[in-house]
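Enquirer: I would like the entire structure built from these sequences, with the hints used as guidance.
Here are the chains, one letter per residue:
2 protein chains.
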Amino acid sequence: MSISSSPVTDIARAARLASVSLQSVTNEQKNEALLRIKQVLAERKDEIFKANEEDKKLAEEQVKAGKLSSSLFKRLDICNGDKFETILSGVSDITKLDDPTKKVTLATKLDTDLQLYRVSVPVGVLLTIFEARPEVVVNISCLALKSGNAVILKGGKEATHTNAVLARVIQDALASLSSSGIPKTAVQIVETREDISALLEQDRYIDMVVPRGSNSLVKYIQNNTRIPVLGHADGICSVYIDKDANIAKAARISVDAKTNYPAACNAAETLLVHRSLLQSDAFKTVAQALLDANVTLKCEAEPKAALAGLGSDKVVDATEDDFYTEFLDHTMAVKVVADVNEAVEHINEHGSKHTDAIVTENGETADFFMTRVDAAGCYWNASTRFADGFRYGFGAEVGVSTNKTHARGPVGLEGLVIYKYRAYGNGNVAGDYGSGKKQYLHEPINASERIL
Amino acid sequence: MSISSSPVTDIARAARLASVSLQSVTNEQKNEALLRIKQVLAERKDEIFKANEEDKKLAEEQVKAGKLSSSLFKRLDICNGDKFETILSGVSDITKLDDPTKKVTLATKLDTDLQLYRVSVPVGVLLTIFEARPEVVVNISCLALKSGNAVILKGGKEATHTNAVLARVIQDALASLSSSGIPKTAVQIVETREDISALLEQDRYIDMVVPRGSNSLVKYIQNNTRIPVLGHADGICSVYIDKDANIAKAARISVDAKTNYPAACNAAETLLVHRSLLQSDAFKTVAQALLDANVTLKCEAEPKAALAGLGSDKVVDATEDDFYTEFLDHTMAVKVVADVNEAVEHINEHGSKHTDAIVTENGETADFFMTRVDAAGCYWNASTRFADGFRYGFGAEVGVSTNKTHARGPVGLEGLVIYKYRAYGNGNVAGDYGSGKKQYLHEPINASERIL
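These protein sequences, in sequence, are chains A and B.
Each residue of the first sequence is one higher than the one before, starting from -14 at the first, in this note's numbering.
Each residue of the second sequence is one higher than the one before, starting from -14 at the first, in this note's numbering.
Worth flagging that the hints you see were computed from the coordinates, not collected in a lab.
It cannot be assumed that every hint is accurate.
Each pair may be met inside one copy or between any two copies, as identical chains are not told apart.
Cut-off 25 angstroms, straight-line C-alpha distance, at most; resulting in silico cross-link-like pairs (DSS-like, lysine-lysine) [what the hints assert, rightly or not]:
{"hint": "1", "residue 1": "142", "residue 2": "59"}
{"hint": "2", "residue 1": "269", "residue 2": "289"}
{"hint": "3", "residue 1": "139", "residue 2": "228"}
{"hint": "4", "residue 1": "81", "residue 2": "423"}
{"hint": "5", "residue 1": "30", "residue 2": "42"}
{"hint": "6", "residue 1": "81", "residue 2": "94"}
Expert: Shown next, in the form of structure tokens:
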């Protein structure tokens, strides 16, 4: 099997070679590189802003022609207010994070002269595909470098000029620090859709895809590559209000989970209500709080009938599809369930394994729910909106993952590392061990936390 | 989006439901179930042997017709010698392993009344596809159950009767323990190739594929599913003999790595030799040891010329493809390199990220090699053959992974778990936190090691 060459293969292979160099870079060198990137970004602010103005001019015409939304245009702008300063301080924030590599997570003496260490190492080469926000170029490059990974970036076409300048500035900053051991090919950018199709096939060189953007973007990537994807397409989160719920908490949590930021993946889309709450004012109280917060309630027949007395035109019919839908606005699908078990079954069948909450004062019921709901986050009496890397205290968020392997939930730098086994021998051979021969010791070694 | 129904979808969904029940099963209940499985297997030995004889009778005809290899036939036989007793003791061995689930790996106080715990949980539903060895039914079912996963099995058609009886016995054992909370659908078996094609598409219900068998089987699966695959196709391991090598160690390690068990994935396929070793007898000494062990050396021009004096007809020409080949027999590809850096580059370009060894007395060179070679195992002065879950002290081996995410190298039960975040609140909502509002505490909690 020989490997054919193409421009994109060359980029991927260069990234792989850069990632090898990055393996032996120290935390100090990585931080020095990040601070240098911050400095050069600041120095070349005018050049960056000029490129951003160029993108915005073209985008403005698109907005006028109705081909681009104004919210997308807004995300494109990095000159406005303190946006650029926020990007810069984000870079120095990353230097303060713990280096996730070189941590010893297992140390075993296999024999007196054969030691085995499991050590965290960078995953290798990341491919990041994102949409209009140009600051992702800076943010993800710095997260990649801090964790010792090389990265290939592809941004949205509306931000082509800005993205290109930002990547060039980062490369120049790395090149100016030749002693750091980080080649400038540690950060590369590609520009066309064809490049992406070709890169998604480079599973020989690329180890992980980190998409940042809309659900349709993530879904497209998941369906078009064999490379592991760190991310989530849908965020279909639920709030289940149990028969033993404190109704004031239930109302607060439901309203926050739905309306605190409806476009976020951790916003709730589904409200599940224990049937017994329809016998009193409990369900009506929660529903009224949501209606007051301008939420449309798409209800199955039973909850709709129960809310008839409220006389709201925001109480409408639900379809089965509504329970598989991420509304991303002030809409919530509402279902009545017989018990916590039916709530769990509904969530496991319809949810996206992101984050689901139960409101109850009953600890046993909460434990049943949290144990059996198959989601990255299972919350008791708390809003689903807490599912976020910064809120979890990770200092940075690479993304939120609904995968069942590698990394799950909000992912910090730890999601960008894996491990390798390093064995230290003295000429040891496997043929010397076995029945009637040498035996393995398998004694834990009191290792220092880091190697090197 | 509604889900269509088919027999295979029903199996996958039943496995998913079983996996939910398994979430709340205790370690004691799991061990009780395993011991019951062992007991029922022993009780129904005659029935199992009868099925095995049936398979062997059919297979014998295939062997006579030249359609089946005798080694495959041998692997099919579970009646021979103490094979069946070994299978049974393997079951009780698994009860002795540490439960990999319910371990707290992070505990943070987000606020005085909001606690966050990261807890290990089963991955969910496993699909195992394997070839003629029927004992995999027992082994992988027990590993799955111990780690709280449901499993769907598909074995080779030569062992159809044996596999079916083993699965039935396991299901009956589970059904006889109704109080254990483990439904018998925790272990299911399918029989046709069409079932597999359909199951590989069930990424909604199946979380991980664990293939056990030939490289071509693993490669087929990797190329035909979006579900994460835990395993390795190729095992192209290398031994690099550095200029500072102790030649006695180099010869011992090379011979063991190649010949201790050539059909294993951790056997070495490539020998890389520092050019300086051609100036003395060093290289010839290593080569002679390999030739004495009946190894054919496929050499590039330079090492071939250096070995001309040995006059062996087992020193032959290598092609570029030989360096991408897993020989699985007494054959080794031989290349001369200028330095450790060229050795690293060769391995990273040609290897399979499995296990690679350096032989040197120079610690700095060893560190350079171990840091920069991108492989699950990087060994200094030890044979690649140590890459094995039992040798690493894991007690059981699910398989060896050459993935770059989730689990790498020999994988024990830890490779069958992931984590979830459990948050315990008191009605907390995200809207209460932020600039000018409540602040997150992010204080570590002194949590007990396990949550229940």
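Enquirer: Now look at each hint and say whether the structure bears it out.
Expert: These are the hints, each one checked on the structure:
no. : hint      : in the structure
1   : 142 - 59  : within (15 angstroms within a copy, 60 angstroms between copies)
2   : 269 - 289 : within (10 angstroms within a copy, 86 angstroms between copies)
3   : 139 - 228 : neither (49 angstroms within a copy, 43 angstroms between copies)
4   : 81 - 423  : between (47 angstroms within a copy, 23 angstroms between copies)
5   : 30 - 42   : within (18 angstroms within a copy, 79 angstroms between copies)
6   : 81 - 94   : between (34 angstroms within a copy, 21 angstroms between copies)
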